[in-house]
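*Asks:* In case you want the letters, here they are:
Protein chains: 2
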Amino acid sequence: MTIKEVAEKFNMTNDTLRYYEKVGLIGPIKKNSSGIRDYSEEDLKRIEFIKCMRSAGISIEVLKKYVDLYDEGESTKLERQHLLEEEQDKLEEKIKTMTEALDKLKYKIELYKTDKLDEYL
Amino acid sequence: MTIKEVAEKFNMTNDTLRYYEKVGLIGPIKKNSSGIRDYSEEDLKRIEFIKCMRSAGISIEVLKKYVDLYDEGESTKLERQHLLEEEQDKLEEKIKTMTEALDKLKYKIELYKTDKLDEYL
DNA sequence: TTATCACTTAGAGTCTAGTCTAAGTCAATA
DNA sequence: TATTGACTTAGACTAGACTCTAAGTGATAA
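The listed protein sequences derive, respectively, from chains A and B. When we follow our numbering, the leftmost residue of the first sequence carries the number 77, and every step to the right adds one. When we follow our numbering, the leftmost residue of the second sequence carries the number 77, and every step to the right adds one.
Don't read these hints as lab results, they were simulated from the structure. Treat the hints with caution; some may be incorrect.
Said to hold, decoys possible - Every beta carbon over 10 Å from chain B, so not counted as near; a handful from chain A, in silico:
#  : residue
1  : A83
2  : D91
3  : G100
4  : P104
5  : K107
6  : N108
7  : Y115
8  : S131
9  : Y142
10 : Q157
11 : E163
12 : K170
13 : M174
14 : K180
15 : L181
16 : K182
Said to hold, decoys possible - Under 7 Å between C-beta atoms, here's a sample of chain B residues computed to sit facing chain A:
#  : residue
17 : E155
18 : H158
19 : L178
20 : K192
In this text, all values refer to a predicted model and were calculated from it rather than measured experimentally. Beta carbons: idealized from backbone N, C-alpha and C, even for Gly.
The task is simple: from the sequences and hints, build the whole structure.
*Replies:* In structure tokens form, the structure reads like this:
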């Protein structure tokens, strides 16, 4: 699969894909005889995971750490698990914060709708 | 209330408070005879709202637009409501995305825990 | 054969949201 | 009186995550 197809599939840019490769999040991607990237199914699975975690706000730094541990092999399994658990906690906290903000936003919109607005902002 | 007290109350830095004022998100804050900021209750309410919305990821640009509309008066009420509704949609979408990522993360952690890991990353 | 087009690289530039620095003012304490 | 400490300003700097540019290669279409 070419970089263009992958970019389209995951709705990201070629630049981002090459950037992720450069910082070591994915790949190195196999290249054909003319030096053109050819993404494998394995690559796609990694990209999907990375994309998903990025969309949740997990930093490239943390993901890079996870990938590096993975590449170190079996012996890092527990450390990897702990890393993921930490990110789980952070993510749950973030979702909670955002849900609270959403509730306030909804309340504010309700005030606008019922014309009961006698507030500051 | 001094800038230091406000910063402590909302767990942010003096710099951020001055930055928000500079870009027009809050204030201008009243100053005493020596040029020192003295935050009013009104100011605090605004800051709390801004802080809450920022923690949900609403951009400074959007918040600035909302504040500007507010300052234009009654005639912008509907536009303000629409702006908030748009942000509500975006926020709901973001929470959904993050919740999906969280589920994947939990699943992955479960695989680690049960030692059933035969995966890519 | 020449031109076009999609790809390649290294590295510079951009955007957002702060964060930090330097130089200065003022009030209160040693 | 001198110095300490909290504040002030304008403006430079930073981090994170891309995004763009310039220069080059190789396969294919005209």
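*Asks:* Which constraints among the numbered hints does this structure fail? Numbers only, ascending.
*Replies:* When the structure is compared with the hints, numbers 8, 9, 10, 11, 12, 13, 14, 15, 16, 17, 18, 20 turn out to be violated.
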